[in-house]
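These protein sequence lines map, in sequence, to chains A and B.
Quick note: the first sequence uses this note's numbering, first residue 10, plus one each step.
Quick note: the second sequence uses this note's numbering, first residue 2, plus one each step.
Just so you know, the hints here were simulated from the structure itself, not pulled from any lab data.
Keep in mind that a hint or two might mislead.
Stretch-level coverage of chain A by chain B, calculated; a stretch enters the list once three of its residues show a Cβ under 8 Å from a Cβ in chain B [stated by the list, open to error]:
1) 72 to 84
2) 127 to 133
3) 139 to 145
4) 225 to 239
Heads up, simulated DSSO-like pairs for lysine-lysine below, C-alpha to C-alpha not over 27 Å straight-line [said to hold, decoys possible]:
5) B:77 to B:492
6) B:522 to B:174
7) B:534 to B:522
8) A:56 to A:95
9) B:461 to B:174
10) A:53 to A:11
11) B:513 to B:492
12) B:461 to A:53
13) B:454 to A:111
14) B:271 to B:301
15) A:65 to B:422
16) B:158 to A:174
17) B:422 to B:454
18) B:126 to B:318
19) B:174 to B:31
20) A:95 to B:343
21) A:130 to B:126
22) B:158 to A:194
23) B:461 to B:525
24) B:31 to A:194
25) B:454 to B:509
26) B:492 to B:125
27) B:31 to A:130
28) A:111 to A:95
29) B:534 to B:94
30) A:213 to A:130
31) B:174 to B:158
32) A:111 to A:205
33) A:174 to A:194
34) A:130 to A:192
35) A:192 to B:31
36) B:343 to B:77
37) B:534 to A:95
Note that the coordinates shown come from a computational prediction; the quantities given were computed from them, not determined experimentally.
Quick reminder that beta carbons are idealized off the backbone N, C-alpha and C, glycines included.
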Amino acid sequence: MKYLLEIWRQRDRETEGSFRTYLYETDSLSVTVASALSELNGRKELKDISGEITEKIVWECSCLQKKCGACAMLIDGRPRLACDTKLSENKKGKIRLEPLRKFPIIADLTADRQVIFDDLKRMQIWSESEIFADDRNNSLMYEASRCIQCGCCLEVCPNFAAGEKFYGMSAMVPASRLLAVMKGKNGSDLRKQYGKVITDGCGKSLACRNICPAGIDIEGLMARSNAAVLWRSLFGFMR
Amino acid sequence: MRNKNDKFPAVNIIGAGLAGLSAALSLARKGIPCRLISPMPSERAQSVMAEGGINASLDTMGENDSPAEHYSDTMKGGVYLADPNSVWNLCSKAPGTVNMLLSLGAALRTENGRPVLRNFGGQKKKRTAYAKSSTGKILMTALIDAVRRYESEGTVKRYSHHRLHSLDIADGKCRGLEAVDLYSRTVISMSGSVILASGGMNSLFPGMTTGSTVNTGDVTALAFACGAELANPEFIQYHPTTFPITGKRCLVSEAARGEGGRLFALRNGKPWYFMEEKYPELGNLMPRDVVSREMYLVMKDKDCGGKVYLDMTGLDKTVWENKLTDLREECIRYLGTDPAKKPVEVSPGIHYYMGGINVDEYHRTNISGLYAAGECACQYHGANRLGGNSMLGAVFGGQIAAESAASETDADNTGVEETVKAGTIEIMQPTGIPGEAAQLLRDSLGIFRSGEKLEAAAEKMQELIDSEQDALQRNRMLLGKAALLGALNRKESRGAHTRTDYPGTDDKNYRKTTVAVFDGKEIKVSFRDIPEKRGEGK
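When you get a sec, could you build the whole thing from the sequences and use the hints?
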């Protein structure tokens, strides 16, 4: 099967980018976008479809098995992990790859997702005292530990813009791990932050539903965390 | 606690996985500032891929487990090549290490508030705490959140898209480093002592490893080229149960066998549970070196059709729901097989490097001011690592390295210097070692090795080194050659190192640490005595 890969090429932050098309052939149905990119970069000379020699494609990857979120990019307009997207899913044989657009582009398919980590810091997602995942909240805390901070949910969210006051689900998920157990001032600070940067900003568009590559139960976690924040703020209810 | 505004030595940590984070947390809790330098954020570190669990004799399963038994299993599993004092420290403090992680809210599986433990290879008692088959991810999340607090107050400064460029080593002392910002392509020079926590050496075996492509081993190669000693570089762990996916190998966690998975081959068309037949006591849960060797031999047996399968079809529904959920999804996703319904074809793949930068009990290298912890260091695992001991070794080793760095920082090293050099540099995309060198390593450092092949490969590797222009690739080849020379000079079979021409274990000559050092011209290999065990424990 022949695939035409239309790949966003941009030398650096300052230079303008454009799409270039590369030919990739394979008989295998299991080849992923990540393996195709590795193979293209492994070529002695990387020629586009017009025969012009181009630089190697700048993209990020680490685990290659859906566990680290490094290779998130737009694949045919949808944010996905390159290691979790098979070429054969596309029946037309023409696949468009571009960087996540909500973040500054570093080069080609690499976007600078630093704002995700800065938001976690701004939101003060940590506990100053010891916390334990007991039997009752263990499965919630497990689920909330699984976020790979890839940014796919932010890319589709109509309410998220980098640097603005709504931090999105990539902050909600890790916060919900701590909200399940945190007490005292540190806990009430986090609940206040949560109200400000999550509850108040989420327009409930549900655009992030079914987008998470890790398959995290975002709605379930958010319902639990919203309830925890609301109950405690209304009644000062402390466990 | 020191005042934050005081000028005092800083520590630079290379790598933000379990070992690096653990070191950063230990330093930050003492109020000592550190830089956490890594090519990607912690969320992308190889540690998030770790599946099965973390060992500690917490004895929550009513089996009367003890640190002494954990110690003795670890020493035996490593065929007595590890430093007994280090292993005793690791095992005796393992319950404390896991309890520390639990106190960060790590969502390990609990019942009645106590961690549930599972069986793992080479250990008769249940000793492995876990979170389904995503233990690494769950521990990393807890550590990342804990370290974030110190990032916010400025004690930990992250450099999340930076790669080590050079080490400032002179007169046997490390005074700092240069890191390249992969986004701006500028070089930053930083002073202070250095803890290396950069993981294994996957670039030496492209496509053959289960780990991350970011864990190239380039940091180890650079340190080696600068005079840091390597220890036991020939000891490479082939995990018995992996399968190929494009560009790498995918792991089927040992937990699958811990929960009852059975290995078999079709001998003359009939299932042969060879591990259970040959090793009635531990069966499928023999240490990984033993299982991989047996699988290799079975796959060579002409009556067995060259294939080995892992049968997990007998596992209880609750095991899939509570313990191996992610593993099942991975097999379906990448192999197209539901392991609950059909046996999975598996074969050994490179999973861990027992060897690495030579460190003492305190995680000090032979260069003062330079420390190493986690998989990049040679510590705790001897000739073969037990499942569940890698995350333990990374977290504990990170703590010890931090303590050493904290107590030994030089007064004349202010650690505050940080200069950005003018100009930008070209950045290579991560790739493996060049094809010919990769083939030499693949062919001669397999599960079974021969002196003849190793000697020829080492000679050929030198030719490739001499003609290689690229410094990064030359360093990798040098590292590869050290592994070849270690394997060539170790004229015995032990743990993960099996010589067809020396099938026996020779304690008299080789129950010693292989030490490789590069003097700028050539690699010298010697065998050093393992420290005597001090008083505690067995």
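Indices of hints not satisfied (ascending) = 4, 7, 9, 13, 17, 21, 26, 36 and 37
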